[in-house]
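The chain contents come next:
Number of protein chains: 2
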Amino acid sequence: AVVRSQAVAIEKEVPESERPETFLREADGPSSGNAHHSAVRARFEKMIRDTQDAVCAAVEAADGGAKFKEDVWSRPGGGGGITRVLQDGAVFEKAGVNVSVVYGVMPPEAYRAAKGDANAKPGPIPFFAAGISSVLHPKNPFAPTLHFNYRYFETDAPKDTPGAPRQWWFGGGTDFTPAYIFEEDVKHFHSVQKQACDKFDPSFYPRFKKWCDDYFLVTHRGERRGLGGIFFDDLNDYDQEMLLSFSTECASSVIPAYIPIIERRKDTPFTDEHKAWQQLRRGRYVEFNLVYDRGTTFGLKTGGRIESILVSLPLTARWEYDHKPEEGSEEWKLLDACINPKDWIDLH
Amino acid sequence: AVVRSQAVAIEKEVPESERPETFLREADGPSSGNAHHSAVRARFEKMIRDTQDAVCAAVEAADGGAKFKEDVWSRPGGGGGITRVLQDGAVFEKAGVNVSVVYGVMPPEAYRAAKGDANAKPGPIPFFAAGISSVLHPKNPFAPTLHFNYRYFETDAPKDTPGAPRQWWFGGGTDFTPAYIFEEDVKHFHSVQKQACDKFDPSFYPRFKKWCDDYFLVTHRGERRGLGGIFFDDLNDYDQEMLLSFSTECASSVIPAYIPIIERRKDTPFTDEHKAWQQLRRGRYVEFNLVYDRGTTFGLKTGGRIESILVSLPLTARWEYDHKPEEGSEEWKLLDACINPKDWIDLH
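These protein sequences, in sequence, are chains X and S. For the first sequence, counting from 1, position 169 maps to 169 in this note's numbering; every step adds exactly one. For the second sequence, counting from 1, position 176 maps to 176 in this note's numbering; every step adds exactly one.
Take these hints with a grain of salt, some might be off.
Repeated chains share a single entry, so a pair holds when one copy, or any two copies, can fit it.
[What the hints assert, rightly or not] No more than 25 Å apart at the CA atoms, straight line, and that leaves these computed lysine to aspartate or glutamate pairs for DMTMM-like:
| hint | residue 1 | residue 2 |
| --- | --- | --- |
| 1 | K199 | D322 |
| 2 | K324 | E70 |
| 3 | K159 | E330 |
| 4 | K275 | E320 |
| 5 | K324 | E18 |
| 6 | K139 | D88 |
Derived by calculation from the structure, the hints in this document are not laboratory data.
Looking at chain X on its own, in the form it has when it is part of the complex (with noise of 0.2 Å):
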């Protein structure tokens, strides 16, 4: 009798107990000797598994122990995903790294581009959007959680509407969230974007820190969740071969700019009062996923596999009534780092 419903009728995926060697249709493929667009579907499918399975062999390589249990899923139409999840390890409490390559229908209006013909209505548009999307929660509470994300978007042309033009756009991020501040690890993060971003713009860490110091921002409280990163979305204006050697660049920094953190942090010792600053600020990250989250949020909304999109969530997270850090403590610092975010690299 334990069935789910959904808010929005959309075909449910089915588990699969293999991999496939790409979620895409027959006409995306790599082998299709197809257009253009298909080479990039391709290649991006191909660039998030990479990175979905170079974090997850690093991520238990840290742990020392703990493996990645893996759900694979597709639906009946085309596409599918692989997640991954590895819980209750010695280092992490939660971790998932999930891959989705989805082909929906989105409604005319939703579709931004100039007609080609103002006066043609566009029918639904065929979309594909490919993502790697991971949250990793360490124990310690002196361990930094990290977030990332990086995503593909394409519109098919309107086969109704004679000119209006394919459209697509890249989206990502990476930041990450202590409950403590050791300038050494901020400063290490931010250099690790700030590298990656200056390969390919001089305008994009600027620009995409300051972004992410937008995004996550837990509106009701006037702090953010955490203590930035970059962050990005609707990214069309660059030469598209560029922005997805910068996504690849991007991802592949993950890796660099975090694993030395957790390294450096996983056993240092703690109090229990520690650890209940860490549950609180989880807490926060709660109410910034559940509350604004884009992707959380449409993905609730519209009938996406929620095991998959929850498991950004933490392990345990806590909620004290009115909690106030002391001034001048180091969970001061943290929470005033959140409310005025700083410029890390230059630090004065």
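We have chain X; now place chain S onto it with these hints.
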């Protein structure tokens, strides 16, 4: 540097050192000799404040040691509230009992009355809202969480629309959220709700029981957060005096419905597995409150007092990836009852 930004600019609440006798504006006060509506406002405020006192006393007695902490606040233009929280007691993990009296202004589109003069367009409409809201989270996994909320809402008659009426309505409910089913507890709880309803209208219990089952749905999971109770909203199609008495009766029923269950379950021995399951159900509670609950989401978006709004969240919660209780287990039975609501009074 620690400040709070607000999504909507409303007057910020200020802390008060003492409880005022009333939060009503002078013209609304019990001694103003004013119109009938003032009497309802004043009598409703007295009812919710008496209920707050009675429930807090009963919770403290059941806890056997811990005391509520009280925060009183007011807004410069009138209105205010009393937030009482008991945290980390012997029996209760977190118990919040809040009353608030709010004066505000609603956009004319929200004024739902048939207009007296169809051509007149009303300006912004002043409104009055008073309510009590409470969530009690016990520690023992066999003792259920309780929620109740009773509220009264009134608009002024639009001054610039002759003939358009003053509007008023009542809302509220009492529902409970066990992690494990004890049929005698569920039957007792629902029977007390039914008794309160039956004193006023035999249609109330079946109607408000179903309304409760429909409202507390965690839509993305297709399961309710708990085992229901009663819920009603926008109730104005009965005599106003009758609905005031009905709300009062429901509020008086909270203690006899709940405290006997707490007394029976508060010392039941339990294992780490029982506790982990309770924590998982608390995670669902958080999902409902942050994603769906109207009071919470409205409060977060309109700059209400955040700590009063989020006192409903449990002290601790847990999210495990893809947790599925074994078919036939006690955990499975609870989940099944959250998915398929039952008639608890006439169980077959």
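Quiz item: Which numbered hints are broken by the structure, listed smallest first?
Solution: Hints 1 and 3 contradicted; others consistent.
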